[in-house]
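Visitor: Residues per chain, in single letters:
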Amino acid sequence: MKDLIMAQIYQILRTRVYFWVFIACLALAALFGVSEYLNGADDLDDGMLLTASDFFTRCGMIATLFLGFSGFFVSFFTGDDFKDKTANYELMSGRLRKQSFFARVTVTVVFNILLGSLMMVFPLTLYALLTGWGNSIPVSAAVTRILLMAFPFFRQVCFYILLTYIIKRPGYAFLACYGYMCILTLLPAQADPTGTVLAFTSIQNLLHFDYWATFGLERDAQVIYDPNIDTALAVRIIISSLAAGAAYLWAAYSYFHKDDIE
Amino acid sequence: MDSIKNIDLVIIALMPLSGVLLWALANYAEKVMSSRWRICWLVPAFLTTILTYLAGFEKLMLPAYIAAAVFVIGLAKPEKKPRKIASVTAAVLGLTALPLCTLVGGYRTPDLVKNFNNGFNKMKAHYVLSEEKEIDWDALYAKYLPQFEEAEKKHDKVRNEIVWTKFCAEFHDLHVNYITDEETNKAAKKCAGGNDYGLVITKLADGSFAAVQVDDSLKAKGIHNGTPVISWNGISPAEADKQSELYEMQNYADEDNAKFYEGFFAAGTGGETAELVYTDDNGVQQTTTLPKLNDDYYSRCKDAYETINQGLNVGHMTVTKLNDTTACLRIKTMLFDSISEKDDHAAMQNELRENILAMKEQGVRDIVIDIRENNGGSGSMVKAIAQLFAPEGEHYYVTDAYWDDTSHSYKSEGGGKWMTDHDIVFDGENILGDEGRIVVLVTAHSVSAADHITKLMSGFDNTTIIGFTESSGSAQGVSPTDLDLGMLSFSSSLMLNKDGSVFIDSGTDYQSGIEVDIKVPYDNQALTALFDDGKDYLMDYSLEYLAELER
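In order, the protein sequences belong to chains A and B. Residues 1 to 262 (the numbering used here) are what the first sequence spells out, left to right. Residues 263 to 813 (the numbering used here) are what the second sequence spells out, left to right.
To be clear, the hints were calculated from the coordinates, so they are not data collected in a lab. Some hints here could point you the wrong way.
[Unchecked claim] Take a look, some chain A residues computed to stay more than 10 Å from chain B by CB distance: (1) Asp3; (2) Arg16; (3) Phe19; (4) Lys98; (5) Ser100; (6) Val107; (7) Pro188; (8) Phe215; (9) Ile224; (10) Leu242.
[Stated by the list, open to error] In silico lysine-lysine, DSSO-like type, Cα no more than 30 Å apart, as pairs: (11) B:Lys342 <-> A:Lys168; (12) B:Lys321 <-> B:Lys267; (13) B:Lys419 <-> B:Lys481; (14) A:Lys258 <-> B:Lys343; (15) B:Lys386 <-> B:Lys673; (16) A:Lys83 <-> B:Lys504; (17) A:Lys168 <-> B:Lys339; (18) A:Lys168 <-> B:Lys405; (19) B:Lys554 <-> B:Lys483; (20) A:Lys258 <-> A:Lys168; (21) B:Lys416 <-> B:Lys504; (22) B:Lys339 <-> A:Lys83; (23) B:Lys622 <-> B:Lys583; (24) B:Lys386 <-> B:Lys781; (25) A:Lys85 <-> B:Lys339; (26) B:Lys293 <-> B:Lys343; (27) B:Lys405 <-> B:Lys386; (28) B:Lys760 <-> B:Lys594; (29) A:Lys85 <-> B:Lys293; (30) A:Lys258 <-> B:Lys293; (31) B:Lys342 <-> A:Lys98; (32) A:Lys258 <-> B:Lys419; (33) B:Lys622 <-> B:Lys781; (34) A:Lys98 <-> B:Lys339; (35) B:Lys293 <-> A:Lys98; (36) B:Lys416 <-> A:Lys98; (37) B:Lys342 <-> A:Lys258; (38) B:Lys564 <-> B:Lys448; (39) B:Lys419 <-> B:Lys386; (40) B:Lys797 <-> B:Lys622.
Owing to the predicted nature of the structure, the values given are computational and were not obtained by experimental measurement. No residue lacks a Cβ here, since even glycine has one placed at the ideal position from N, Cα and C.
The following block holds chain B by itself, in its conformation from the complex:
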């Protein structure tokens, strides 16, 4: 019952209620002369129309809508008998909507296939990296249509979310996303993640696999964070990974980032039990059968992911002193406020300048710009921040693509090149002075404008980009589009390099145009620091790097 929208319940309840009242009125109205009583037989139809306007049309409510119309017979036939027949018919008809809405699937769920077709066609028409990535739209459609048909057959919103996310991951572009709502998205990841057996498997820099985020119940078997993993259910973690639907839902724009997370979803695959082969602390290979703890591998996997990737836990755009000579500028998202977008972030830049200068007065020489898990935002904010830290002189940022207003399209020049509009350049301020150094910390999910700042600052002499992985590698302008169910967003506006080639995003080679200067090895030392000691390994590494740097 609780799944029925309240307004629909009111409409359904209105029918028997009106039936009873108008039945009684039929007896009375016949005895009085005034024709105004006839208006009462219009009331259910009028109320139903207004309520349907509020709640939206629902096909399973049709019997109730028809019932409301049946009452109108009482207006045209002011005799007792037809009015009573209309009252009973409408009341019964209206009530049939209740089992229809509760028992038949698809109540207030849009047609999932139609929804896919709508999103697919919009994306096919407007996705700007089709040529760069050589997208085979027909093949994608043939692959995913049956999956949406299956979801529609079961009216399964969670399955719909899973299939959409898998579809989005095919583009190797973190700007391609679909979400119905947070709740459905979480349910989809939980459903796709599989069972929790008490551990997550991660791949170390040397290619071996190790357990992390280990449940206390496995400690008796000698399994702990860092325990080397040989196989999962008889196959290597990398192969087991591919059996996880959550793996298929992961979107990476760069192959190197995808490889970093190889094996990450393996430990969610299996039935009531899973077989783990590992090396114990004595170096002896052991085989054990792990019982399923629960059906929520995603939560464990998410915790492990956050342990590896979360940035400094301070406020957005705050400058925090880390030691005598270094402070951290934490940028959680590349957005500041609505006013800043209008003044090209001039006010934000002034505020940041003041904060940095205040830190300099306290002896701070270097800055760590922490953009780990930064989900992107404004290019104008990127420019304003980069301008402060850039060495003096003119710096090139990116090139806007030429938009042909007549053909409503960008102009391809062939060979992966596009016609350019104009270059975006700025003058550096070098706020830290010649002695100051900058480290930019990134993760595989430092996306979009975070990719921009990574790429831009990697060209500065005073900046070093550090991370376990590269930043995401997705840098085009993105636009969202609302579907009947959910919201689809994808790259829609071209950003170019000076020569007209696509800025940052990977093509068919699955390699983005972005690199880190120092790829920190994710090894046993890092694993222990992160999972056992609770340290911010990348930050510690950066501080050490800055301290040892020759100037």
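Excised from the complex, chain A in its bound form:
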């Protein structure tokens, strides 16, 4: 399976469009911060700088961007080899379906989780260099949440893998992934304090900070964020993400295992 994984990595590194989409992801993540800054982000007084810690308290859009872009990478990483029959040739040359499936899944999951984390870290680093970290939340709070985000990212990527293995055409699979994400953002959903219903709601919970504001009659409002995350919520998110991700992979493999790959 190792050589299949290496082949996947080689293919990814040699495909120029992946590189440019990857760069676009990072650029958009950073530009989102710029738009926050130019729009006069909430709770920032005139002349105040958008520090990295301020930025992290309002960077939910970056996670949404990731959900869109990861749909692209998942559907092409795992689905592109159906189109040119590479997957068929692998099986005809004596590879097991299990090997073919898990080689692609491993590469896709690892790449996308790294991409998601990088999309969070890159603009933060940029703003920390430009305007400093600030004192809205400590660095440790941001690091903890970014690490925890890996779990819902895993869940979402596994779901996209399931969609791709069912659809088997990368373009349509990407459309389905992107459509799914768009529909979720448009639907008038209830808040999910459990953080377990979807990867989407887990991410929302992880990027939500309880905050408190004080003000004076002629003094600007001060927003105080609670950087702590509820341990029970974190545990729920980890367990539900791993369980749901595993279930998606099981369903995807079950389908692929007995699929005619046509």
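Using the hints, position chain B against chain A.
Guide: Same frame as chain A, but now just chain B:
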């Protein structure tokens, strides 16, 4: 059935429906070669996930969620037998959610104890008057936790509302409030108010008690508005009052205001009947047993309250001519519009100035500013209004407290004093001129920014504050916080006097830093005018006062 959320019903119905369809499909799919039919066994799980995303997770719906997952077996095991077993199992499992949601309590109700703990901890961390009022948080927690546990045991949202309101009243701060929604709040007050026996008891200025809002059915017994009440169920109305849960739910920041309403909730206490001892029109003491008319004392009590307290029934921020020389500026809430908040109410001030000047051209000399039952709002609006009416020269309003951005807290200097930031001052315009006088009408529920304007204008030479009671006495900045169930709001931002002491709000002495210049006696004359003649007694009093004023 109607108590189940529609989306949950759809999820439950989806299970047997999918069961039947996939049972039928199991027969067909085995005969055809295409593996694409297997996708159908994913559909219930996918739809259930989306529907749960829309409706929110509910623990009592777990069997339905599991049922949706059971269908997925049909994807992995494409044989007829396991697919049929999965269809039947999932259909049955899904249907069990229906009795669970309807018969077991707590459907879509958050954990009320957890909800209390959440609100309590937030308030303990951020309530700015803890030191001033010497709040014993541990004692409060010990007192109220069992009551929330009891409410949780019964999954009783109304009881939860009652207990929260009682908890809020402990702070003697009208900025401490909890509400789930209007409907639950009303149900809670109705439940706590007790039975209606056909009257409300009020305390008069001389300390005696009298019946008001009397039902027609009591007239045959000689009981009418103003009938002196001696006792209720064998005890004084003041003592009977304390047996009412609605009494415990009342929040007053000042002891004087609490005393004004002594006895107000007594006539809701009792069983199927209540014993009333009163003095008839001939001065003879009578005892009568009153049957319960219904279980809604709160409505009668609310009507009586409104009769005493409601302000002039005209539009918000309108200037209405009352007689040749006096007009009324009615301010129902200290909010104007969203634009005004951004321009420090300059446009609102201009509009008001024009209205007042137009009235002056018509001969109006004095203004009654009616802020009865004003529920507060913007300090900037207070400043803009006060600026117009204030005598010329600089006037001090309030002092912002110093906020330490490093420790994320206000800085106490000990002895009830806080570090100050800067004073807020303004220049008066004296729009009415030297001849003009101003009366500000207040009630015990003229709150927050209404307290601010009362306190501020009471310092003007041209202004007199008039009311049956003082204004509420709650003046700090308030912030709301959403809980899993309901919204809790409390004082969160410090407003100070020049010397760093707390602005207006009462401390342990239960006396706010606000007084009325003329406390109008709530006596038989007032009672008759209000309840029999339907007059606006306070307004009439104010007009009389202005007419007789020496200038």
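Visitor: Hints first: check each against the structure and report whether it holds.
Guide: Each hint, compared with the structure:
no.	hint	verdict
1	Asp3	holds (28 Å)
2	Arg16	holds (34 Å)
3	Phe19	holds (33 Å)
4	Lys98	holds (14 Å)
5	Ser100	holds (16 Å)
6	Val107	holds (24 Å)
7	Pro188	violated (7 Å)
8	Phe215	violated (5 Å)
9	Ile224	violated (5 Å)
10	Leu242	holds (15 Å)
11	B:Lys342 <-> A:Lys168	holds (26 Å)
12	B:Lys321 <-> B:Lys267	holds (14 Å)
13	B:Lys419 <-> B:Lys481	violated (38 Å)
14	A:Lys258 <-> B:Lys343	holds (18 Å)
15	B:Lys386 <-> B:Lys673	holds (17 Å)
16	A:Lys83 <-> B:Lys504	violated (80 Å)
17	A:Lys168 <-> B:Lys339	holds (21 Å)
18	A:Lys168 <-> B:Lys405	violated (62 Å)
19	B:Lys554 <-> B:Lys483	holds (15 Å)
20	A:Lys258 <-> A:Lys168	holds (14 Å)
21	B:Lys416 <-> B:Lys504	holds (25 Å)
22	B:Lys339 <-> A:Lys83	holds (27 Å)
23	B:Lys622 <-> B:Lys583	holds (10 Å)
24	B:Lys386 <-> B:Lys781	violated (36 Å)
25	A:Lys85 <-> B:Lys339	holds (26 Å)
26	B:Lys293 <-> B:Lys343	holds (14 Å)
27	B:Lys405 <-> B:Lys386	holds (15 Å)
28	B:Lys760 <-> B:Lys594	holds (29 Å)
29	A:Lys85 <-> B:Lys293	holds (27 Å)
30	A:Lys258 <-> B:Lys293	holds (16 Å)
31	B:Lys342 <-> A:Lys98	holds (25 Å)
32	A:Lys258 <-> B:Lys419	violated (52 Å)
33	B:Lys622 <-> B:Lys781	holds (29 Å)
34	A:Lys98 <-> B:Lys339	holds (17 Å)
35	B:Lys293 <-> A:Lys98	holds (27 Å)
36	B:Lys416 <-> A:Lys98	violated (53 Å)
37	B:Lys342 <-> A:Lys258	holds (15 Å)
38	B:Lys564 <-> B:Lys448	holds (11 Å)
39	B:Lys419 <-> B:Lys386	holds (23 Å)
40	B:Lys797 <-> B:Lys622	holds (26 Å)
In this structure, the hints that do not hold are numbers 7, 8, 9, 13, 16, 18, 24, 32 and 36, in rising order.
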